[in-house]
Amino acid sequence: MKIGVLALQGDFEEHVVVLRRLGVEAVEVRLPKDLDDLNGLIIPGGESTTIGKLAVDFKLLEPLRRFGQENAVWGTCAGAIFLSKDAHRRQPLLGLMDITVERNAFGRQVASFEVDIEVPLLEKVAPGGGPYHAVFIRAPLIVAVHGKAQALACLEDGRIVAAQQEHWLATVFHPELTADDRFHRYFLQMAGYNKRVE
Amino acid sequence: MEAQVATFSVKKGLAQMLKGGVIMDVVTAEHARIAEDAGAVAVMALERVPADIRADGGVARMSDPELILQIMDSVSIPVMAKCRIGHFVEAQILEAIGVDYIDESEVLTPADEAHHINKHPFKVPFVCGCRNLGEALRRVGEGAAMIRTKGEAGTGDVVEAVRHARSVLGEIRRLQGMAEEELMAYAKEIGAPYELVVETRQLGRMPVVNFAAGGIATPADAGLMMQLGVDGVFVGSGIFKSGDPAKRAAAIVKATTHYKDPYILAEVSRNLGDPMVGRQISSIPEGELIAQRGW
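Protein chains in written order, with the working numbering: chain L, 1 to 198; chain G, 1 to 295.
There's no promise every hint is true.
As the list claims (entries may be wrong) - From chain L, some residues computed to sit far from chain G (all C-beta separations above 12 Å):
{"#": "1", "residue": "123"}
{"#": "2", "residue": "145"}
{"#": "3", "residue": "150"}
As the list claims (entries may be wrong) - Dumping the calculated DSSO-like pairs for lysine-lysine here, alpha-carbon to alpha-carbon at most 30 Å:
{"#": "4", "chain 1": "L", "residue 1": "85", "chain 2": "L", "residue 2": "124"}
{"#": "5", "chain 1": "L", "residue 1": "2", "chain 2": "G", "residue 2": "123"}
{"#": "6", "chain 1": "L", "residue 1": "124", "chain 2": "L", "residue 2": "33"}
{"#": "7", "chain 1": "L", "residue 1": "148", "chain 2": "L", "residue 2": "2"}
{"#": "8", "chain 1": "L", "residue 1": "148", "chain 2": "G", "residue 2": "260"}
{"#": "9", "chain 1": "L", "residue 1": "59", "chain 2": "L", "residue 2": "124"}
{"#": "10", "chain 1": "L", "residue 1": "85", "chain 2": "L", "residue 2": "33"}
{"#": "11", "chain 1": "G", "residue 1": "247", "chain 2": "L", "residue 2": "2"}
{"#": "12", "chain 1": "L", "residue 1": "148", "chain 2": "L", "residue 2": "59"}
{"#": "13", "chain 1": "L", "residue 1": "59", "chain 2": "G", "residue 2": "123"}
{"#": "14", "chain 1": "G", "residue 1": "12", "chain 2": "G", "residue 2": "260"}
{"#": "15", "chain 1": "L", "residue 1": "148", "chain 2": "L", "residue 2": "124"}
{"#": "16", "chain 1": "G", "residue 1": "123", "chain 2": "G", "residue 2": "12"}
{"#": "17", "chain 1": "G", "residue 1": "123", "chain 2": "L", "residue 2": "33"}
{"#": "18", "chain 1": "L", "residue 1": "33", "chain 2": "L", "residue 2": "2"}
Unchecked claim - Partner residues are not named here, just some residues of chain G that face chain L (Cβ under 8 Å, in silico):
{"#": "19", "residue": "7"}
{"#": "20", "residue": "8"}
{"#": "21", "residue": "16"}
{"#": "22", "residue": "21"}
{"#": "23", "residue": "39"}
{"#": "24", "residue": "121"}
{"#": "25", "residue": "124"}
{"#": "26", "residue": "258"}
{"#": "27", "residue": "262"}
For the record, the hints were derived by calculation from the structure and aren't laboratory data. In this text, all values refer to a predicted model and were calculated from it rather than measured experimentally. Ideal Cβ placement from N, Cα and C applies to all residues, glycine included.
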């Protein structure tokens, strides 16, 4: 199992550390050729405008979209924005997932927060694992899911913070910043499942 | 569980999102948009870039909140602003207007010659400068959620940035080789909180994100600092004091991502126009060195 982490900018190193702890080979992806032989890709947190611009400059948009057609892709925060079809703003997006996101939906940094959320699907990786402690940093929100995209987790007030569409996963919080690796294990299951289908 | 704001995790977490990126000094909303379009991960809003502060002399203070607010309105990326060392009321004002990060900065004239701000009670996170590991960990002990090596701001001369990064990163490497019983004496020697010395040794890196600053003016300078092992770079006067700011800014962003690839570094370094003129640090009288401010 070999998973890439898009390393244009952001907290890609944090994802790499979790993957290696789980015994998975992790590769930093900066150029199209780095996508060869990967079983899945994580797009980390960071600044979505920076990541989008660098993806355009180094001709990664099309290769990433092609990779995503065949393989599991997970975006955290900026990565979730980058995966979306609509971010309410003109900026480069992969446009894979049928979700609409709103950037900085909670306000500026002083409004960043952490909270426990219920994520039923995590029962699949760790039965009885309990609530998930999620860290939101200048986080976006998934304001709408369309088509085949489905909401996976919500805040208490019902606002959507995680979604899945087939082999694509979007979380607006940061599983790479906490010791709880259930989301990473769930994503690895997604990537493995996809490989068996091939 | 109720949502918790302003925890150390979310303060430190924003800096983690800036890793591998370039934070640019801007003095107008237009500069801020140029910086965002070039791929900056954040901007530092201020009235004068360090090169001008140096040239003008006089007392350098927090910028006019009106200017900072205009810059906050003009971009979607985080906006940082500077307060004077020890000037906790300037920091309160910056928190009140909602900046995303406060730089308690030696570039401004210090307001307190013995104490830095107690940064723990603030909701907004702080970044502080350092020249060595002891200074870095004292700032973290006071609540800083991000560190930058100081370099010598406003010079365009990278030599002090290199000295400070080598000092911090070298001390962390030496710490790895120490026996546990040596740590208390080492903490005393460098004037750092013992618990943070233990944590740094265990992590094998600074407990918070560590950027380089002060004198970075070219894509090669950014690549140099990244290869030395910092998490990202601040570029102050180097962009808007150069011949073609938009082009240079974009090139430094690309160099910070592809810092290990000399072919890409060569490509992005081509035809950038004139760099900032700069000032060799060895020609500056000792009393005028900014990096010495901070305790």
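Tell me, which hint numbers fail for this structure?
Of the numbered hints, 5, 6, 8, 9, 11, 13, 17, 20, 24 and 27 do not hold.
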